[in-house]
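Let's have the full structure, built from the sequences with the hints guiding it.
Read top to bottom, the protein sequences are chains R and U. Numbering follows the working numbering, with no gaps: position 400 of the first sequence is 483. Numbering follows the working numbering, with no gaps: position 341 of the second sequence is 424.
It is possible that some hints are incorrect.
Just so you know, same-sequence chains aren't split out, so a pair can sit in one copy or run between any two.
[Stated by the list, open to error] Below are the DSS-like pairs computed for lysine-lysine, each with C-alpha atoms no more than 30 Å apart in a straight line:
(1) Lys429 <-> Lys232
(2) Lys184 <-> Lys238
(3) Lys277 <-> Lys294
(4) Lys475 <-> Lys387
(5) Lys230 <-> Lys480
(6) Lys450 <-> Lys429
(7) Lys450 <-> Lys277
(8) Lys232 <-> Lys446
(9) Lys159 <-> Lys227
(10) Lys324 <-> Lys450
Keep in mind that the hints were calculated from the coordinates and are not lab data.
There are 2 protein chains.
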Amino acid sequence: MPRLGLLPRRAFAALLSQLLRPPRTACVRALGGHSQIAEAMVTSQLKPHQEKPSFIIKTPRGTRDLSPQEMVVREKILDMVISCFKRHGAKGLDTPAFELKEVLMEKYNEQSGLIYDLEDQGGELLSLRYDLTVPFARYLAMNKLKKMKRYQVGKVWRRESPTMVQGRYREFYQCDFDIAGQFDPMIPDAECLKIMCEILSGLQLGDFLIKVNDRRIVDGVFAVCGVPESKFHTICASMDKLDKISWKGVRHEMVAQKGLAPEVADRIGDYVQHHGGVSLVEQMLQDPRLSQNKQALEGLESLKLLFEYLTLFGITEKTSGEKVRTTETQVFVATPQKNFLRQRLKLIAELWDAGIKAEMLYKNNPKLLTQLHYCENTGIPWVVIIGEQEQKEGVIKLRSVATREEEAIKREHLVAEIQKRLSQS
Amino acid sequence: MPRLGLLPRRAFAALLSQLLRPPRTACVRALGGHSQIAEAMVTSQLKPHQEKPSFIIKTPRGTRDLSPQEMVVREKILDMVISCFKRHGAKGLDTPAFELKEVLMEKYNEQSGLIYDLEDQGGELLSLRYDLTVPFARYLAMNKLKKMKRYQVGKVWRRESPTMVQGRYREFYQCDFDIAGQFDPMIPDAECLKIMCEILSGLQLGDFLIKVNDRRIVDGVFAVCGVPESKFHTICASMDKLDKISWKGVRHEMVAQKGLAPEVADRIGDYVQHHGGVSLVEQMLQDPRLSQNKQALEGLESLKLLFEYLTLFGITEKTSGEKVRTTETQVFVATPQKNFLRQRLKLIAELWDAGIKAEMLYKNNPKLLTQLHYCENTGIPWVVIIGEQEQKEGVIKLRSVATREEEAIKREHLVAEIQKRLSQS
Numbered sequence: 084m085p086r087l088g089l090l091p092r093r094a095f096a097a098l099l100s101q102l103l104r105p106p107r108t109a110c111v112r113a114l115g116g117h118s119q120i121a122e123a124m125v126t127s128q129l130k131p132h133q134e135k136p137s138f139i140i141k142t143p144r145g146t147r148d149l150s151p152q153e154m155v156v157r158e159k160i161l162d163m164v165i166s167c168f169k170r171h172g173a174k175g176l177d178t179p180a181f182e183l184k185e186v187l188m189e190k191y192n193e194q195s196g197l198i199y200d201l202e203d204q205g206g207e208l209l210s211l212r213y214d215l216t217v218p219f220a221r222y223l224a225m226n227k228l229k230k231m232k233r234y235q236v237g238k239v240w241r242r243e244s245p246t247m248v249q250g251r252y253r254e255f256y257q258c259d260f261d262i263a264g265q266f267d268p269m270i271p272d273a274e275c276l277k278i279m280c281e282i283l284s285g286l287q288l289g290d291f292l293i294k295v296n297d298r299r300i301v302d303g304v305f306a307v308c309g310v311p312e313s314k315f316h317t318i319c320a321s322m323d324k325l326d327k328i329s330w331k332g333v334r335h336e337m338v339a340q341k342g343l344a345p346e347v348a349d350r351i352g353d354y355v356q357h358h359g360g361v362s363l364v365e366q367m368l369q370d371p372r373l374s375q376n377k378q379a380l381e382g383l384e385s386l387k388l389l390f391e392y393l394t395l396f397g398i399t400e401k402t403s404g405e406k407v408r409t410t411e412t413q414v415f416v417a418t419p420q421k422n423f424l425r426q427r428l429k430l431i432a433e434l435w436d437a438g439i440k441a442e443m444l445y446k447n448n449p450k451l452l453t454q455l456h457y458c459e460n461t462g463i464p465w466v467v468i469i470g471e472q473e474q475k476e477g478v479i480k481l482r483s484v485a486t487r488e489e490e491a492i493k494r495e496h497l498v499a500e501i502q503k504r505l506s507q508s
Numbered sequence: 084m085p086r087l088g089l090l091p092r093r094a095f096a097a098l099l100s101q102l103l104r105p106p107r108t109a110c111v112r113a114l115g116g117h118s119q120i121a122e123a124m125v126t127s128q129l130k131p132h133q134e135k136p137s138f139i140i141k142t143p144r145g146t147r148d149l150s151p152q153e154m155v156v157r158e159k160i161l162d163m164v165i166s167c168f169k170r171h172g173a174k175g176l177d178t179p180a181f182e183l184k185e186v187l188m189e190k191y192n193e194q195s196g197l198i199y200d201l202e203d204q205g206g207e208l209l210s211l212r213y214d215l216t217v218p219f220a221r222y223l224a225m226n227k228l229k230k231m232k233r234y235q236v237g238k239v240w241r242r243e244s245p246t247m248v249q250g251r252y253r254e255f256y257q258c259d260f261d262i263a264g265q266f267d268p269m270i271p272d273a274e275c276l277k278i279m280c281e282i283l284s285g286l287q288l289g290d291f292l293i294k295v296n297d298r299r300i301v302d303g304v305f306a307v308c309g310v311p312e313s314k315f316h317t318i319c320a321s322m323d324k325l326d327k328i329s330w331k332g333v334r335h336e337m338v339a340q341k342g343l344a345p346e347v348a349d350r351i352g353d354y355v356q357h358h359g360g361v362s363l364v365e366q367m368l369q370d371p372r373l374s375q376n377k378q379a380l381e382g383l384e385s386l387k388l389l390f391e392y393l394t395l396f397g398i399t400e401k402t403s404g405e406k407v408r409t410t411e412t413q414v415f416v417a418t419p420q421k422n423f424l425r426q427r428l429k430l431i432a433e434l435w436d437a438g439i440k441a442e443m444l445y446k447n448n449p450k451l452l453t454q455l456h457y458c459e460n461t462g463i464p465w466v467v468i469i470g471e472q473e474q475k476e477g478v479i480k481l482r483s484v485a486t487r488e489e490e491a492i493k494r495e496h497l498v499a500e501i502q503k504r505l506s507q508s
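Next up, the structure:
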């Protein structure tokens, strides 16, 4: 909470006018006066003009100062972000804090209450920018540019209502990186995701999950489920709330508020609750209804290509759509056969003793598929498989969960081979 | 002059709403859409909704975009300024772009028309800050701080009238360095001037002159010349115009507009036209009238002390075509052959991961010449070339854009070789 100080209004004004010089004065000052102001503000000891009402010294609602401590943190973060943008060849751009109201107005159809308007003091009608995308589009248009890779880091302003409660501020920074232009599909998209990964990894925030989507898939799903085209936009807006409220709540909004047929909502619900990476894409491509929808098909093919490029960028795991990993397990010990519990126990102990983080299922005879699913769900990257065949040949199989490739490795080299792979990733 | 584009209003809005996503979307985007917008804005070829009136795509009056070229210049300047502030031990601070109107209001008595007010949309009455000093004073008061050496670099806004004519903008940066607190006389003042010198020298702007003054001398001069105390403020405001209009003009304003006796104005004129450094201070100390005025005497003694400190700081004397690159890209990844996209993607990721700033074209099969031209136009110094021949031999070619020399380098040594060359340049 900001601390507040009380001060007789005229005293403050008097001090200010004493202290402050006309606009054009130089930027570097030594001002004993500041401490006088501060002192006067705090102690209210200035004698004259005390008859006027006091007012509270504070920052506007939903805004805050950044203290020197906080500035150090922000500077580090922004340096990291900007140097990443530069590493990827982006140019810098800056635009004014406000734009012609007309330029900003017509986007936030429902939410235009979010925009800060400047008072009409004669002249143009202006509003504070609420993002950096519209100014970028305006810049491109004004300068007749069709192609530009630019970054922009700056403040934006939104009149969100009970801001402080949710920890949302009305003034905040945005760091934008955009590639404008027409290119071959998914290449710039893959680079943007690569940048995100570099930044999030660089900031060392721990594990993260990047969700990707293609609007054509959403539209295709809507079409296949029977949403009338006139309702696409509003139903999509409801769906956007899934990261804040449950499917039940979203469904209720779709049906009760937006007049969607309950059975249509339920069909959407079937799709909406899927989560996954490239395997989900493959699965959806097999969906007989979806795969016949042109838009969905295009979207799914694009995502497939995107995942391929991401793999080449070396970031599959992180965009695989698996949940945030809550464990650090590196290897899972599995078997395809019954009665291999004892061999699994021996094996896993060997891993543990070598300092390798390992898990197995606590069942005598688990199914192989169950074991592999467990790895996918929890994000374990490697599986060691031991079965009759392997035992006979004195090997074990090492399987990569992401690529599904399997390799036979001599039993006695197992630990060394695993350590080699872990040190590479 | 900014170039302007015309665009049917609804078309713009329609495109925007198609392009833009809700506020909470991630910051990194690849938007083919931007180019669509820009294109539509420029060519006005969008068919639907042409019935609505067009509006002009421009920045608000008195504001401007900073192009990538200008951004490079500003970044260099601000880096220089901020690193100087840090060298002198200042802490960073940031405050909101707007303040409670009450906090800002009462300073600009006559000029309050300069302040941008936000529209009253319910809630607090706010105004954009017109400098960084008032927010700093407010910060000190709010946090009950009596002492602080802080810097703040940020935009401020002023509704100056025929701004463009004079080259004045309504949005501009200020770089403030302030030492708030009570100290022994002239020590912080001397440090502030030292900082100014370091910055102006560092920016290599050529010779410069810093003008110093002490308000007590001005007041003493006014008293000695016979200006009534009630007119001090307004006569001072006239005198402030001396850097824009001649003494004749200023005198006329004092006499005709502000009712000063002509002989009083002439006495001021005698003083006002003196210019000089420490020798002028000595000369004024000898002035029989001035040296008997307590205020003037204090002011002159202070300036004498200041000049002594400045000499100790070693700054007495001073108080008397290449193409701008807009990116920092170091290496470009090129190919002479078709179907080498995947190899390029892998290669560039390797460079990025090694911290090397790299770019490539987002085309499946770009022409080599196009790729090399891109490097020349954007000033990228190195090109990595991968083709069939190179792949077969397990090498890549490293080409210097400036000398056009090419060298084959083993694929696995690529990163090391590039880093070697970059560290040499």
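Now the hints, each set against the structure:
1. Lys429 <-> Lys232: between (49 Å within a copy, 21 Å between copies)
2. Lys184 <-> Lys238: Classified as both: same-chain Cα gap 17 Å, cross-chain 20 Å, threshold 30 Å.
3. Lys277 <-> Lys294: Result: close within a single copy only, 13 Å intra versus 52 Å inter.
4. Lys475 <-> Lys387: between (39 Å within a copy, 29 Å between copies)
5. Lys230 <-> Lys480: between (49 Å within a copy, 28 Å between copies)
6. Lys450 <-> Lys429: within (19 Å within a copy, 37 Å between copies)
7. Lys450 <-> Lys277: This pair counts as between: shortest inter-copy Cα distance 25 Å, intra-copy 36 Å.
8. Lys232 <-> Lys446: Between copies only: 15 Å across, 52 Å inside.
9. Lys159 <-> Lys227: between (35 Å within a copy, 27 Å between copies)
10. Lys324 <-> Lys450: For Lys324 and Lys450, the Cα distance exceeds 30 Å both inside one copy (37 Å) and across copies (45 Å).
Of the numbered hints given earlier, the model fails hint 10 alone.
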